[in-house]
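A.B. asks: Quick note on my numbering: the sequence shown kicks off at 1140 and runs consecutively.
Keep in mind that a hint or two might mislead.
[To be verified] Taking CB as the label site, the calculated pair distances span:
(1) Thr1222 x Pro1199: 32 to 38 Å
(2) Ala1273 x Val1337: 50 to 56 Å
(3) Thr1276 x Ala1341: 31 to 37 Å
(4) Leu1251 x Asp1302: 39 to 45 Å
(5) Val1312 x Met1253: 32 to 38 Å
(6) Leu1176 x Asp1302: 28 to 34 Å
(7) Ala1254 x Arg1331: 22 to 28 Å
(8) Val1278 x Leu1251: 22 to 28 Å
(9) Arg1245 x Arg1208: 20 to 26 Å
(10) Leu1221 x Asp1298: 34 to 40 Å
Simulated from the structure, these hints should not be mistaken for lab results.
We put the CB at the ideal spot given by N, CA and C, even for glycine.
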Amino acid sequence: MVIVAIWLMPAGTLPETMHSTPVGDGISLSSVAGGLLAQLPLTLLNAVVVATAVSRSLFPAAAPRISERRLAASSGLLNLVLTPLGAMPMCHGAGGMAAHYRFGARSLIAPLTMAAACALAALQGSAVIAWLAAIPTPVVGALLAFAGLELALSKRLFDARPDCRSVIAATAVATLFGSALVGLGIGLASERLRRHLVRRRAEGTPPDRGQCP
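Whole structure, please, built from the sequences with the hints as guidance.
C.D. replies: Now the structure itself:
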């Protein structure tokens, strides 16, 4: 719907921000690499791994159709189609999904309503920027805080096996005091160490191949 709305817009009504980004002086290989290292693990975790886990938890009936591969593919295809039209790069988000679900968005009507709103916003051109700027910052902050708490107080955290809680704690601390990339590395390393210790303690019993949530 958004693509159709942009296609039907009269010439000259696109916002001034919708233009191709020039590539030249001021963009170096180090700055591109730094941006990728900062954004890639964040997108991988929030938009793919965590979004898949949250989706399966909130919509268990649809769990067989939800996979990391599908979420990654849909985000990539949408960016390939929409960024040439001037859209900002975008992805799925676990926090937004949890907040929407808590506020009642639990059926097909919710995404269709959002798509219609985006299409109408696209038809308004640059006026949308003023509308968004009119939203009070405390309201946005409250929504972000609510989404964060919704994920932080997940039932999966409290139901985790005792030996998994050390992995969760190490990952959280590394992410808080480091970055998403550091947290991802520490989390993977901690999980490998946990599974190794479980196998060592098994003493001939079948190893526990279950992974921490």
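A.B. asks: Holds or violated: 32 to 38 Å for the Cβ distance of Thr1222 and Pro1199?
C.D. replies: holds, 34 Å
A.B. asks: Regarding Ala1273 and Val1337, is the given constraint of 50 to 56 Å on their beta-carbon distance met?
C.D. replies: holds, 54 Å
A.B. asks: Can you let me know if the beta-carbon spacing of Ala1254 and Arg1331 is within 22 to 28 Å?
C.D. replies: Cβ of Ala1254 to Cβ of Arg1331: about 41 Å, so the range 22 to 28 Å is violated.
A.B. asks: Could one say that the CB atoms of Leu1221 and Asp1298 fall in the range 34 to 40 Å?
C.D. replies: holds, 38 Å
A.B. asks: Assuming the hint says 31 to 37 Å, is it satisfied by the Cβ distance from Thr1276 to Ala1341 or not?
C.D. replies: violated, 53 Å
A.B. asks: Between Val1278 and Leu1251, does the beta-carbon spacing fit 22 to 28 Å?
C.D. replies: Given range 22 to 28 Å: holds, Cβ gap about 24 Å.
A.B. asks: Just to be sure I understand the hint, the distance between the Cβ atoms of Arg1245 and Arg1208 should be within 20 to 26 Å; is that true here?
C.D. replies: Roughly 24 Å apart at Cβ, these two residues keep to the hinted range, so it holds.
A.B. asks: Could you tell me whether the CB distance from Leu1251 to Asp1302 stays inside 39 to 45 Å?
C.D. replies: holds, 43 Å
A.B. asks: Are Leu1176 and Asp1302 spaced within 28 to 34 Å by their CB atoms?
C.D. replies: Given a distance of about 31 Å, which is inside 28 to 34 Å, the answer is holds.
A.B. asks: Are Val1312 and Met1253 spaced within 32 to 38 Å by their CB atoms?
C.D. replies: holds, 35 Å
Of the numbered hints stated above, those contradicted by the structure are hints 3, 7, listed in ascending order.
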